[in-house]
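Peer 1: Single-letter residue listing:
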Amino acid sequence: MLERYHEGFHMRAHAATLLAMLLLSRGGLAADAGESTPPISEPPPAPDTHVTSADGQVSEPRPLTREDLEAWLDGFMPYALATGDVAGAVVVVVKDGSTLLQKGYGYADVQARKPVDPETTLFRTGSISKLTTWTAVMQLVEQGKLDLDADVNEYLDFEIPPRDGKPVTLRNILTHTPGFEECLKDLIVPEGTPFTPLEEYIKEWVPTRIFPPGEVPAYSNYATALAGYIVSRVSGLSFDEYVEQNILAPLGMEHSTFRQPLPEGLREFMAKGYARASDGKARPFEMVLAAPAGSQSASGADMARFMIAHLQKGAFGEARILQPETAEQMHTTALTVLPRVHRMVLGFYEQNRNGRRIISHAGDTAWFHSDLYLFIDDGVGLFISMNSAGKEGAAGTIRKAVFEQFADRYFPGPTLDGEVDPQTAAEHARMISGLYQISRRPQTSFLRLLALSEPFKTSVYVNDDGTISVSAAKNAAGVPIKWREVEPFVWRDVDGKNLLSAQVVDGRVVRFGFEWVSPFMVFEPIPAAISPAWVSPALLGGLIALLFTALAWPVSALVRRHYGVAYALTGRDAVAHRWIRIASTAVVAVFILWGVTVPLIMSDSLSSSTADAWLWIVQLLSAIVFFGAAAIGVWNATVVLRSARKWYAKTWAVVLALALLVVLWVGLVFHLIAFDVNY
Amino acid sequence: MRLSKLVAALLCSVSSLSVSLAADVNDPDLKADDTLQSEPPATSTPELTRADVEAWLDGFLKYELERGDIAGAVVVIVKDGEVLLQKGYGYADVENRRPVDPERTLFRVGSVAKLFTDTAVMQLVEQGKVKLDEPIGTYLDFEVREGFDKPVTVRNLITHTGGFEELLRELMHSDPERFGSLEDYVKRTRPVRIFPPGEVPSYCNYCLAVLGYIIERVSGETFDDYMDRHIFRPLGMQRSTFRQPLPEAFAADMSKGYERGSGPAWPYFELVGPAPAGSLSATGADMARFMIAHLSAEDGGAATLLQPQTARLMHNTLFRATPPVNGMALGFFEANRNGQRILEHGGDTQVFHSQLALFMDAGVGLFVSFNSTGREGAVGGIRSALFEQFTDRYFPAPIPDEPTLPTAVEHSRLVAGRYQTSRRAETTFYAAVGLLGQFTVNANPDGTLVIPPLRGLNGQPKVWREVAPFVWREVSGKERLAAKIENGRVRFLGHDGSSGIQVFLPVPASRSAGWIMPLALVSAASLLLTLLVWPVAGLIRRRRGMVLELTRQQLLARRLVYAVALVHLVFLVGWVVLIQAGLSDLSLFDGRADGWFHVLHLLGFIGLVGAGVAIWNAWLTWQGPRGWRARAWSLVLATSCVALTWIAFTLNLVRLDAYY
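Residue numbers (the working numbering), protein chains in the order written: chain A, 1 to 679; chain B, 680 to 1339.
Please note that a few of the clues may not be correct.
Claimed, not checked - Per the computed footprint, the stretches of chain B lying under chain A, defined by three or more beta-carbons under 8 Å from a beta-carbon of chain A, are:
(1) 724–731
(2) 737–751
(3) 1133–1142
(4) 1216–1227
Source of the hints: derived by calculation from the structure; they are not laboratory data.
Positions of the beta carbon are idealized from the N, C-alpha and C atoms, including for glycine.
Using the sequences and the accompanying hints, generate a full structural model.
Peer 2: Listed below in structure tokens is the structure:
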């Protein structure tokens, strides 16, 4: 699954990516802002024989009892955690206003063998924090202090520039459609490193707006931080204070806080975070600079309170955090971007399944991975959090399976099914095939290079059996899911229930999304200028050619010496020959520098200021070397072509010139040549 | 699959006909790390009820099948003489979306079949027709190979202590046409005896085939008929058979097998050469009957199968090679855990993986069979975890609180070193595979041990701590490991999870992969380098108009050495390809690849002559005016050819016959 995206590439991007999800409106139509009900896309009645689940059996509902649930989870969790190499987890299920089951599995602290206590052990909830921020925003909307559709600049003391003349609104932010590019720098830093306060963080760099507002879901932590800042400005309290007074206190969430580092009284309860349980290395407490987007620490029992409050439309015991209409508005105002697939409602992801209305949010820091689900018509909530990323991103796989199987076990129902005639299906499969990039992406910095790698780049291809697969969409076994078209431009997982939907304009697929991630990001065709289809082979081939030339320099000198042969070129030929070798070597060296720099920056191995200085140097070197080398390459080619050299020398000179031009192109369009250090 | 993984399989699999359960033993960085093996204590013990166990299994299996890329499974639990739960998960046929039906769907149970053969032998023992301690020659019309002073007895065959080496030829067939009778198999397959009988557990499919043949000889019925009449019929197992190929009536309900559930179905119904060792096809529901029969036999509940005293004899006669570590009863492996007396047998074909466990004190039986190997051999971990966690849930016991012995450091040093499994071959090419399967027992400074193939559920090697003299228990877990010490030296190590099947024997220095492998690799690399560099150097010389100043004889020698290097490399690559192919699909070793074995053997002999040529070349080079580089390299070449030849002969990569 896409959560993998985080895996493997370090903490900032990791966390960034992992922080959460949302939904959007059909190409160009802004959100039907006022539409209050989500016509749940009730599937056409499907014959039972067509309703298949992953295990091939039509399941019968089981009553959701504590006994059944606990036995089921006891079967599920211990081995899943063990094979996933996840240290510990907490699972909480609420039903009809009270906690049905809360249980810890594994360890909050591996070294100390301290088990997870669902009542008191704190987990980082990552982007599930956003639900609290959104709740705060809606409280202020309810009080008339905020307007969902006003320009956010009305509430700010700095400016978010318009795009196409359009401002960003809070509604855009709550539906992840403000159109900001991804912003990864300093998203999360380890405790103990210098900490930028929220205000400074959001003012330091306003990420570029790469989509018109309200149209393209592109998850944004930056925008959430902005919303938190607005809450603080409008309420006159710090964000932490506001949340404590208006949400945590009324709900009695005593083992919860947004404060970083943790207040003294809560430290002893904090679960340790791990990359993998077996490495036994407890990781430092993560400081989320975009705090309103992900700084919460909370116990399972406290999350039960939060879920109950939302399930009861704002009411919790004597307290009330939202008026019923506001809660209703929040839970049901959906923004449709792609037909059929899950959308954003105000702050929650739609996660409907089996014909049930379900809203949810996911949360990921580098080490903690959580999910929260509200079955709003059934009065049931499910929260799970794990304190390790696990083997190959196992935590992501586990939480998804827990939800899907929980939903299928206790709330089964029909799934969208249908047939599209084979010819049309083949035609549509051909239309959607190709290379895509995700909407949630860094675009104006060197990190644009990520577009050359999965999952920022993903490919859609047709399988032998006529189904399609998306390289980024894999099942729990790591095998790309097969999708079968069930109605025009809507495909369904052949072994499951999730849908994939494409938007077609003038006979071309302009974007698609699939369930699990469709609320908060979509896939768009990669423009030819940066398409990995030609850039990757051209760049790789070019660098190999340049490397050969660089290596041939000393090797040919040695061979000449061994056999006592003299250097054959003279005059301009010799000068061009020397310079092309210098240019090739320099380009290879600069790419090696990038190869070292990017992982260092992504893995947080450098302090922020060191990284900035380093980045400046590499970017300036790139500018000088790439332009210079391209010029030399072209000049050398003209010299060699006019000389009497053999055909292979001429061919090689042309190859090198092309390679150096490709390098320059890559330097420009992927922003390796750049003059700022925001990313 | 990587060769090393295939090899590793052998070391870890519960008991396999095939050799394909993967587990990576090649992880270089093993550290004495306190890995998580168990959960914090549960609050209360759930009762084993249908509702509880079904919910628990649903939680466990659905996700694990999905994650492990396993197509389907059947689980059966019996309790107090009745079926508590039988349930299918996933698909018997993925393509046609046919779900597993515990009543109808047949699974290959692999070596679990041995329990049926052993039970049949015990019936004949009960009738006085077979004696456990009688030399098997009494019942046979052919001789097994000579070796040692002691004859092999029936008991030895049942307890896998016959001492035969492991053979692969005709273990598995895909083509019914090539598939012969049991009599043909036992008479044609004549494994060399490598251990004295009765002493060293070494899993033995051949032994079970011989037992099956003894059943035929003594009863006067064919093996298949005997099983039908004396086991299946009395128990009402109407949807079970040892017959191969599968009788028409069952074909439609046979589960397909898969390497991975997302991939294609295994292309053929596996025909097991030593049929009594693993040819059974059965439904989950039928396996319940067999379990109930054994669970109740000691109380006379299943007089139709065995008399109570025979059942007691079969269940309670224990052979432990490394006490107190689990050993084996007559046919059943001991798998005691949490103080429960548990008898068990696993079964693996290339794609089906099964396990049967009887909780003798509790009157509970658990059978599970999977029709896929899964991603990275996922099924192995799932199967053992299912058994362990089932046991820990319904029959819990704390991890014993034992102090580490003061002798830990001293004893850990004594057992540290290189080991190999007793389940192996000494006179076939399989010795080469065994070389790759050698592993090192590492002693940590604190006296704990790390044994790379013995891993926890998270894939990390377990850490072992000495809790009784020469008995170790995994840190934060329950499994034990013990050493059999003779004359102050380790004779072998046994481990709770597998000591009925195999023990680990110290590797003599002369056979250590620690130096043989590097030698082979360096030799092969220098030959390869020669093959690549000489033509390039020749081209450069030609371009520069230079010539090597060699006599005709030297030139001839040089060209011949070039050919010899080529032969050696083709020989090595040929073996790697053949072994990989055969271990990925054992039916390739049904005899049809014998020609390739002969070709490789022939290349080996040419290589032997070639080693002589390389020596001659070196001698000539040292005679002539060549520089020191040429002289040195000629020596390297000669050494490499001699080394590779020696290794090829030592590892039986050169033989005169197709015996393997």
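Peer 1: Go through the numbered hints given earlier and state which of them the structure violates, listing their numbers in rising order.
Peer 2: Per hint list: zero violations.
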